[in-house]
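**Q** Residue numbers (the numbering used here), protein chains in the order written: chain U, 1 to 275; chain D, 1 to 275; chain B, 1 to 275; chain F, 1 to 275; chain G, 1 to 275; chain E, 1 to 275.
Keep in mind the hints are simulated off the structure, nothing from the lab. All residues carry an ideal CB built from backbone N, CA and C; glycine is no exception. Among the hints, a few may not be true.
Derived EDC-like pairs: lysine to aspartate or glutamate, alpha-carbon spacing no greater than 20 Å straight-line [as the list claims (entries may be wrong)]:
hint : chain 1 : residue 1 : chain 2 : residue 2
1    : F       : 152       : F       : 179
2    : E       : 251       : E       : 185
3    : B       : 187       : B       : 158
4    : B       : 233       : F       : 92
5    : U       : 187       : U       : 92
6    : D       : 251       : B       : 92
7    : U       : 251       : U       : 240
8    : E       : 157       : F       : 92
9    : B       : 152       : D       : 47
10   : F       : 108       : B       : 213
11   : E       : 108       : E       : 92
12   : U       : 251       : D       : 47
13   : U       : 234       : U       : 185
14   : B       : 115       : D       : 47
15   : D       : 233       : B       : 179
16   : D       : 115       : U       : 225
17   : D       : 115       : D       : 180
18   : E       : 233       : G       : 19
19   : U       : 115       : U       : 99
20   : U       : 157       : G       : 158
21   : U       : 108       : U       : 134
22   : U       : 115       : G       : 158
23   : F       : 221       : F       : 185
24   : D       : 233       : B       : 92
25   : G       : 251       : U       : 41
Here are the simulated distance ranges between beta carbons [what the hints assert, rightly or not]:
hint : chain 1 : residue 1 : chain 2 : residue 2 : range
26   : U       : 104       : D       : 84        : 34 to 42 Å
27   : B       : 261       : F       : 203       : 27 to 35 Å
28   : E       : 104       : G       : 112       : 25 to 33 Å
29   : G       : 107       : U       : 262       : 44 to 52 Å
30   : G       : 138       : U       : 157       : 43 to 51 Å
31   : G       : 107       : F       : 33        : 54 to 62 Å
32   : G       : 137       : F       : 25        : 29 to 37 Å
33   : D       : 101       : U       : 220       : 27 to 35 Å
There are 6 protein chains.
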Amino acid sequence: DFKAALDEVPPAFGVSENELQQCVQNHVLNFDDGVETILTDGNLFVEQVRNSTRTQVVSILLHGAANSGKTALAATIAMKSQFPFIKLISPEAMIGFSESNKINHINKIFNDAYKSPLSVIVLDNIERIMEWIDIGPRFSNGVLQALLVLLKRKPPKDRRLLIIATTSQRGMLSSMQLDDAFDSEFKVPMISRVETVGFVLEQLNMFSDEEREYALQRLHKKNLDGRFEIGIKKLLMIVEVASQSTNKVEKFVQAISATQVPGLGADNAAFQRYT
Amino acid sequence: DFKAALDEVPPAFGVSENELQQCVQNHVLNFDDGVETILTDGNLFVEQVRNSTRTQVVSILLHGAANSGKTALAATIAMKSQFPFIKLISPEAMIGFSESNKINHINKIFNDAYKSPLSVIVLDNIERIMEWIDIGPRFSNGVLQALLVLLKRKPPKDRRLLIIATTSQRGMLSSMQLDDAFDSEFKVPMISRVETVGFVLEQLNMFSDEEREYALQRLHKKNLDGRFEIGIKKLLMIVEVASQSTNKVEKFVQAISATQVPGLGADNAAFQRYT
Amino acid sequence: DFKAALDEVPPAFGVSENELQQCVQNHVLNFDDGVETILTDGNLFVEQVRNSTRTQVVSILLHGAANSGKTALAATIAMKSQFPFIKLISPEAMIGFSESNKINHINKIFNDAYKSPLSVIVLDNIERIMEWIDIGPRFSNGVLQALLVLLKRKPPKDRRLLIIATTSQRGMLSSMQLDDAFDSEFKVPMISRVETVGFVLEQLNMFSDEEREYALQRLHKKNLDGRFEIGIKKLLMIVEVASQSTNKVEKFVQAISATQVPGLGADNAAFQRYT
Amino acid sequence: DFKAALDEVPPAFGVSENELQQCVQNHVLNFDDGVETILTDGNLFVEQVRNSTRTQVVSILLHGAANSGKTALAATIAMKSQFPFIKLISPEAMIGFSESNKINHINKIFNDAYKSPLSVIVLDNIERIMEWIDIGPRFSNGVLQALLVLLKRKPPKDRRLLIIATTSQRGMLSSMQLDDAFDSEFKVPMISRVETVGFVLEQLNMFSDEEREYALQRLHKKNLDGRFEIGIKKLLMIVEVASQSTNKVEKFVQAISATQVPGLGADNAAFQRYT
Amino acid sequence: DFKAALDEVPPAFGVSENELQQCVQNHVLNFDDGVETILTDGNLFVEQVRNSTRTQVVSILLHGAANSGKTALAATIAMKSQFPFIKLISPEAMIGFSESNKINHINKIFNDAYKSPLSVIVLDNIERIMEWIDIGPRFSNGVLQALLVLLKRKPPKDRRLLIIATTSQRGMLSSMQLDDAFDSEFKVPMISRVETVGFVLEQLNMFSDEEREYALQRLHKKNLDGRFEIGIKKLLMIVEVASQSTNKVEKFVQAISATQVPGLGADNAAFQRYT
Amino acid sequence: DFKAALDEVPPAFGVSENELQQCVQNHVLNFDDGVETILTDGNLFVEQVRNSTRTQVVSILLHGAANSGKTALAATIAMKSQFPFIKLISPEAMIGFSESNKINHINKIFNDAYKSPLSVIVLDNIERIMEWIDIGPRFSNGVLQALLVLLKRKPPKDRRLLIIATTSQRGMLSSMQLDDAFDSEFKVPMISRVETVGFVLEQLNMFSDEEREYALQRLHKKNLDGRFEIGIKKLLMIVEVASQSTNKVEKFVQAISATQVPGLGADNAAFQRYT
Ligand SMILES: Nc1ncnc2c1ncn2[C@@H]1O[C@H](COP(=O)(O)OP(=O)(O)OP(=O)(O)O)[C@@H](O)[C@H]1O
Ligand SMILES: Nc1ncnc2c1ncn2[C@@H]1O[C@H](COP(=O)(O)OP(=O)(O)OP(=O)(O)O)[C@@H](O)[C@H]1O
Ligand SMILES: Nc1ncnc2c1ncn2[C@@H]1O[C@H](COP(=O)(O)OP(=O)(O)OP(=O)(O)O)[C@@H](O)[C@H]1O
Ligand SMILES: Nc1ncnc2c1ncn2[C@@H]1O[C@H](COP(=O)(O)OP(=O)(O)OP(=O)(O)O)[C@@H](O)[C@H]1O
Ligand SMILES: Nc1ncnc2c1ncn2[C@@H]1O[C@H](COP(=O)(O)OP(=O)(O)OP(=O)(O)O)[C@@H](O)[C@H]1O
Ligand SMILES: Nc1ncnc2c1ncn2[C@@H]1O[C@H](COP(=O)(O)OP(=O)(O)OP(=O)(O)O)[C@@H](O)[C@H]1O
Ligand SMILES: [Mg+2]
Ligand SMILES: [Mg+2]
Ligand SMILES: [Mg+2]
Ligand SMILES: [Mg+2]
Ligand SMILES: [Mg+2]
Ligand SMILES: [Mg+2]
């Protein structure tokens, strides 16, 4: 039961709990080995930062398609650490900031972190933080340079910091020398099996058992198993939209079908797409 | 009778009613299944926002050629919702604003919306809001980034928001990662059948029945059925210009002819052009 | 007699009469059917604006080569309307303005117009207003965006506006989405027939009848009919320069010859060049 | 005798006489038919401006290679006019000006001119005034746009203005629509005949007759006639540098040789290079 | 024993000792001839600056891959000099600085150095100092120009200065004329032999002798000798991460394997990669 | 003896003597005919400026590879003139200046020069003054335009000015129209003969005669004559570095070898490389 699992995550005593809590509003469903791995390994990095004497700053990157659940996972790892300082840096808090305001805002959060013996900073949506767009491309070089430096800057003695960044633009990082800047990176999985959809439906409790069974049957019949691709966030929305309709199952199946990816085979789907 | 239909839309009790009312000054004629669909489905999204407990923000996009009636449709859906907060964000209110003024203006309207339990924001003409032009291309990256973030930003608890955006530049959205940002999108139809023109003429009551009949006959004779393409806004103007002339029908037929699209067949017109 | 024709245009009671009067200082000679059409059709649009109940803003574009007489024609149509508000927006009044000053200046004139029940705005030389140059190209995107919005912005209720714009850079408009923004456009004709030159000379009264006859004879002999191309403004200047010389006719013929266009045939000249 | 000719140019009673006087410090030698033509025709334009009733502004352009004597010729025509307002606009007076300072400075001089019934403005070195460089290219679009407008702006009633511009970058004008802006243009000639060199040497009186004869002989022997190309300003400098040396003639011949242009034939030199 | 070696480096009496000390927090292990050379030759340059009468400013460059140990080596050489003025210029101290702030900050440190008879300045991470990124590329030309000048600017009489710069972007220097600006340059070596790994493990004392032996055995078995490539900084981190795990050796071997470079042969590895 | 030669250069009574003196701190060794020519011809230009009545401003350019001795030669010519106003414009004095500060600084020095009857201005390192870099390329167009104007601006009556500029980027000048702006230019030679090295060693007196002989022998044996290329400034440094070593000659020979240019033949070296 995923709810129980979540209860293991008591509120951190850090600064921006509300914001982070809001990121996992719909909880984190353990629908996939990939999700499990990210949470477990994420925890290992938390422990390393807690115990290490030599490495003062560790940074990890969660990347994946839009709606795949990156922010929720990052927030979960951060909150689980129960470090005294936990803070979210997100583009939503910086709308309309000038470049230098952004840099100062970010820099200040890092400096605040250095005052706590143990800290986590979640850098959510780094492509948006640096105002990146693939036309040109354009981006704030000032913010990028600040991040490049901050990701490697050593905290003062006896202060340790874990940085968890998220992005849906893994590709842009290489040309920006940003990928070298992370100590480890994880790919957040998409959902492409009917079985996984079934698991999610079960957890959500918004379909009756018959409805669910019927929906899965329909998906299998349409031979969709392994041929679609949907982020957990989008799946949650589809379930809800469908629930509003009188024709629940049909609307649901239709919406899943719309995420079908041409050329995505049933078996090697994930591999083909993500390497 | 379209007038009756319109009477179903009592004034919303929101903020920028005047502005929105002005957008549908000439009412919305139900000339096409496409129009029907947009209004119906639009309404479904309104209901989802009204009832949902999980999805706090939903965004839809109306795109179509210039003069196709995008703004009027968006305004109609918005006003019909009768949500307590309904607001128009349009380039006309931001002439001469600096980039940061624009961002602040837009951001403020979103923040205002977050204060109402249920809100609709109409983002009219997003290509003009971000000062986009296909030479370069040039556009305000600052405004684009703000929109990218605002379209996905979660309102505070118990606040829900519907965003209806319009654009005549659907093509530019992909390269801007803006299409992923919308939950659903609709194409606003153009008029290309003589029959539809007849329907509009009838509703408008500016031609006598004979004049109308004669006009349609002329259009059919010129073999124009399915071979022209005109937006409802332009059609309304043509009717009026022609009405000023002593030679009403002739002027009208001539103007419709001028919108003929070479290579547009009678049957598959809409499909050929819009896929 | 063109003077009589002009007397039909009594001074408008609008704001920038002086400026506009100056634009037609040398009056408008009815040398060509094209000129006639522009004046007549221009008047029709004036009437539509005056009478319409639905269309509140109408915009037309006069385009043509340098010196073809665009500004004089636009000013003539505007003054003839005798609308209570008539105003010229020209680059000459905005030398040294910053981009935002320009936009404010233009916006203010539109807002002033909205206060009058009936208004005409002449947007002279739009390529210069937006500081356009075909190297790059460069232009003020801010001004362009303002124009794009202003050309379509609806005046408040019961206010109607006619916009007459001129440009010698018709080509640049498409890439700027500016051509869609106009409801109608007219090409201002150049002079390329010896006969037209004769008409202009006659009206101007600066050559004796013999001189004129001799000049036309010479032009015909040089087989120039239909093979040259000259704007009315340049023609007026050439007449005057030649008049200063002791060798009037010779200088005149020489100057006309200099405007010869290689490959321009006598018959299809206008068509070949302007499509 | 060129000195006598110069004495025909009494000081104008205008504003920036000193500056202009300095431009023709070394007088203007009538070494070529081209020079003669420029001065005569320049004078005709002066007369037209003086007498015309219709054309209030006339603009001419002197273009030619560096050191060809453009500024001196422009200044000479301007001073000879004896118009009550004569003013030089040159990049030397605007070093370090911001773009808007430049535009204001230029605009102010034009506005001052409009206060005098008859004026001449010399726009020296327009490529430098607009900070043009052929890398990019880069230039001040603001200054260019101001010039484009000012060259065509009509002075107030009863005020007339002659504009004389110079440039060594004739090529750049077309892409800037600046060539259309001038009513007439003249090419300032270079020196490429030994005979012309002889004429200049004679006028300058710095070589004895024997020295001059010997120098010309040497140049002919080296078969240089028509194969070199030198501006009058550079020629004057070479004469002076050579005069400082003990080996006058040799140094002089050597310097002339250095300006030899490969592939420049004796007869069609000027044509080949300048068309 | 590397600890003993380190004790030879008593604290300098200069200005930014803390910062520099922090750079070599984990000491410098003499794991390679290349390291030895850099330290020895670096010392020679220190001596030259100390003794020279003619050369007042000497600059050297340490370049190498990320994590190769550049900063630690530069700091070590600097501190060993015991010059009265030792200062670090690093991007970390300039986050959020404007371009002119950066230039002033850097210039001030150089000017301070000129006040001491003997000085060392460590310019750490010059690509970051000039905000360089290989998209465009973009960089602060102002900072680059300042560095180009400062690297060659002569101190006042009797003042001598050693500049030690580091970069991981050796390639970008040529196009920036920055490589000519250094008097000497050194490549900081990566680790690619199992034997070197063994040496480092031994020095660090975090593995028991058996663990170490077993780890090396495993690396040899996997035929990794000469086929991987790892910076000393990363190696130190890997050791520590592995130590946190219950499965120390396995985790360690796995992490080393991950740095394997395809196509890197055992014998000529270093040569193939670095020339 | 070069020291004696130098004594012929008594201190000028001008303004920035200290700065200039510092540029020739190590004196100027007459190691090459090219050096001789530059000093002699430079002097001729000094004399021309002193005596001329017509040419008020003369400008010369010294260009050559980095370290070839350009600044020292320019300073030497300037100081030898003993003109009452001698001033150095160098990038070192303008670090961190904004573009307009630079232009004002430069312009002011020129204006100061115009107050003295005879002046020399040394414009050292013009590529650095205009912040030129060959990526883009980028440079300060404002500074470039100011230089283009200042190099040709006539001083007031009875004031004369010699401008000596240096650059190591001769190639960039053409595209900037800067080469036409100079009246004469000189290439500063590099050293590529063993014999010249011998001459320099002898003058410097830092090697014993045996050491020198042995060094030259070694260079010949390595067949380096005419195959290397080194600037005098670098050669002076190499001598000094080598002198610090116990293995003087060996270090010296090694350093010279490092400057070997592949494909540079012994005989036509200088020609091949520098034309
Ligand atoms: N295993 C899971 N991993 C992540 N999120 C989950 C999981 N199970 C359920 N969720 C829910 O799914 C949603 C994921 O949304 P989230 O904002 O994290 O996605 P995202 O990838 O960051 O989206 P975006 O690309 O817009 O940034 C959250 O509401 C979260 O509670
Ligand atoms: N079915 C309809 N859909 C939309 N508009 C309609 C319809 N029937 C009538 N109209 C009228 O047509 C006009 C449509 O104009 P509208 O401004 O909405 O077009 P638009 O596509 O937004 O134009 P633009 O491309 O200039 O933004 C309005 O006056 C509206 O009242
Ligand atoms: N039929 C005509 N149409 C236009 N102008 C005419 C006509 N007959 C005479 N004119 C005179 O010709 C001149 C035309 O000049 P105008 O400034 O309008 O040309 P333009 O095309 O706007 O030039 P530009 O390209 O410089 O803007 C005016 O002086 C006008 O009085
Ligand atoms: N026929 C002539 N035409 C022009 N200048 C002449 C003539 N005869 C003698 N001169 C002298 O030659 C010099 C020409 O210099 P001027 O500055 O006018 O050349 P320029 O072409 O403007 O040079 P630049 O390309 O540097 O602007 C002046 O000193 C002038 O007195
Ligand atoms: N031989 C060595 N050379 C350099 N550093 C060493 C050496 N031995 C141990 N170290 C340790 O390795 C680490 C090297 O990190 P350092 O920051 O100098 O690397 P870097 O190349 O500057 O990294 P970056 O590319 O991030 O700038 C330091 O902690 C240092 O104490
Ligand atoms: N013949 C010579 N010419 C020039 N410099 C000489 C000569 N003989 C000795 N020197 C000495 O060589 C050094 C030349 O350095 P200088 O700074 O002039 O070179 P540079 O070419 O300007 O270098 P950079 O390319 O860095 O600007 C000076 O110290 C000078 O005293
Ligand atoms: Mg997210
Ligand atoms: Mg619209
Ligand atoms: Mg005009
Ligand atoms: Mg000139
Ligand atoms: Mg480092
Ligand atoms: Mg130098």
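**Q** For every hint, state whether the structure bears it out.
**A** Hints versus structure:
Under the criterion of a C-alpha separation no larger than 20 Å, the hint pairing residue 152 of chain F with residue 179 of chain F is consistent with the structure, at around 12 Å. Distance hint between residue 251 of chain E and residue 185 of chain E is unfulfilled; the C-alpha atoms sit about 37 Å from each other, more than 20 Å. A hinted pair counts as satisfied when its Cα atoms are at most 20 Å apart, and residue 187 of chain B with residue 158 of chain B does not qualify at roughly 31 Å. Between the alpha carbons of residue 233 of chain B and residue 92 of chain F the distance comes to roughly 35 Å, so the proposed pair goes past 20 Å and is violated.
At roughly 23 Å between alpha-carbon atoms, residue 187 of chain U and residue 92 of chain U are farther apart than 20 Å, so this suggested pair is violated. Only pairs whose Cα atoms come within 20 Å are accepted, and residue 251 of chain D paired with residue 92 of chain B is rejected, the gap being roughly 38 Å. In summary, the hint linking residue 251 of chain U to residue 240 of chain U is supported, as the alpha carbons are separated by about 10 Å, within the 20 Å threshold. Between residue 157 of chain E and residue 92 of chain F the CA atoms are separated by roughly 16 Å; this keeps the pair inside 20 Å, and the hint holds.
Of the pairs offered as hints, the one joining residue 152 of chain B and residue 47 of chain D is violated, with about 33 Å between alpha carbons and a cut-off of 20 Å exceeded. Restraint check for residue 108 of chain F and residue 213 of chain B: not satisfied, since their Cα atoms lie roughly 46 Å apart, outside the 20 Å limit. Under the criterion of a C-alpha separation no larger than 20 Å, the hint pairing residue 108 of chain E with residue 92 of chain E is consistent with the structure, at around 17 Å. With a CA separation close to 16 Å, the supplied pair residue 251 of chain U and residue 47 of chain D stays within the 20 Å bound.
As the CA atoms of residue 234 of chain U and residue 185 of chain U are separated by approximately 23 Å, the hinted pair breaks the 20 Å bound. Between residue 115 of chain B and residue 47 of chain D the CA atoms are separated by roughly 41 Å; this puts the pair beyond 20 Å, and the hint is violated. At roughly 16 Å between alpha-carbon atoms, residue 233 of chain D and residue 179 of chain B fall within 20 Å of each other, so this suggested pair holds. Straight-line distance between C-alpha atoms of residue 115 of chain D and residue 225 of chain U comes to about 43 Å, which puts the hinted pair past the 20 Å bound.
Our distance criterion of 20 Å between C-alpha atoms is broken by residue 115 of chain D and residue 180 of chain D, whose separation comes to about 26 Å. For a cut-off of 20 Å, the pair hint linking residue 233 of chain E to residue 19 of chain G is broken: about 35 Å separates their Cα positions. Restraint check for residue 115 of chain U and residue 99 of chain U: not satisfied, since their Cα atoms lie roughly 25 Å apart, outside the 20 Å limit. For the hint linking residue 157 of chain U to residue 158 of chain G, the alpha-carbon distance of about 38 Å lies beyond 20 Å, and the restraint is violated.
The straight-line distance between the Cα atoms of residue 108 of chain U and residue 134 of chain U is roughly 29 Å, outside the 20 Å bound, and the hint therefore fails. Taken as a hint, the residue 115 of chain U and residue 158 of chain G pair is broken in the structure, with Cα atoms around 44 Å apart against an allowance of 20 Å. Simply put, residue 221 of chain F and residue 185 of chain F have alpha-carbon atoms about 37 Å apart, too far for the 20 Å limit, and the pair is violated. Simply put, residue 233 of chain D and residue 92 of chain B have alpha-carbon atoms about 35 Å apart, too far for the 20 Å limit, and the pair is violated.
Between residue 251 of chain G and residue 41 of chain U the alpha-carbon distance is near 13 Å, which keeps this suggested pair within the 20 Å criterion. Under the hint 34 to 42 Å, the C-beta atoms of residue 104 of chain U and residue 84 of chain D, about 37 Å apart, fit the expected range. A beta carbon spacing of about 44 Å between residue 261 of chain B and residue 203 of chain F contradicts the range 27 to 35 Å that was offered as a hint. A beta carbon spacing of about 27 Å between residue 104 of chain E and residue 112 of chain G agrees with the range 25 to 33 Å that was offered as a hint.
Separated by about 59 Å at the C-beta atoms, residue 107 of chain G and residue 262 of chain U break the suggested range of 44 to 52 Å. A hinted range of 43 to 51 Å is violated for the C-beta pair residue 138 of chain G and residue 157 of chain U, which are about 35 Å apart. Between residue 107 of chain G and residue 33 of chain F, the C-beta spacing of about 60 Å keeps the proposed range 54 to 62 Å intact. Between residue 137 of chain G and residue 25 of chain F the Cβ separation comes to about 49 Å, which falls outside the hinted range of 29 to 37 Å.
Between residue 101 of chain D and residue 220 of chain U the beta carbons are some 54 Å apart, a value that contradicts the proposed interval 27 to 35 Å.
Checked against the numbered hints listed earlier, the structure breaks hints 2, 3, 4, 5, 6, 9, 10, 13, 14, 16, 17, 18, 19, 20, 21, 22, 23, 24, 27, 29, 30, 32 and 33; every other hint is satisfied.
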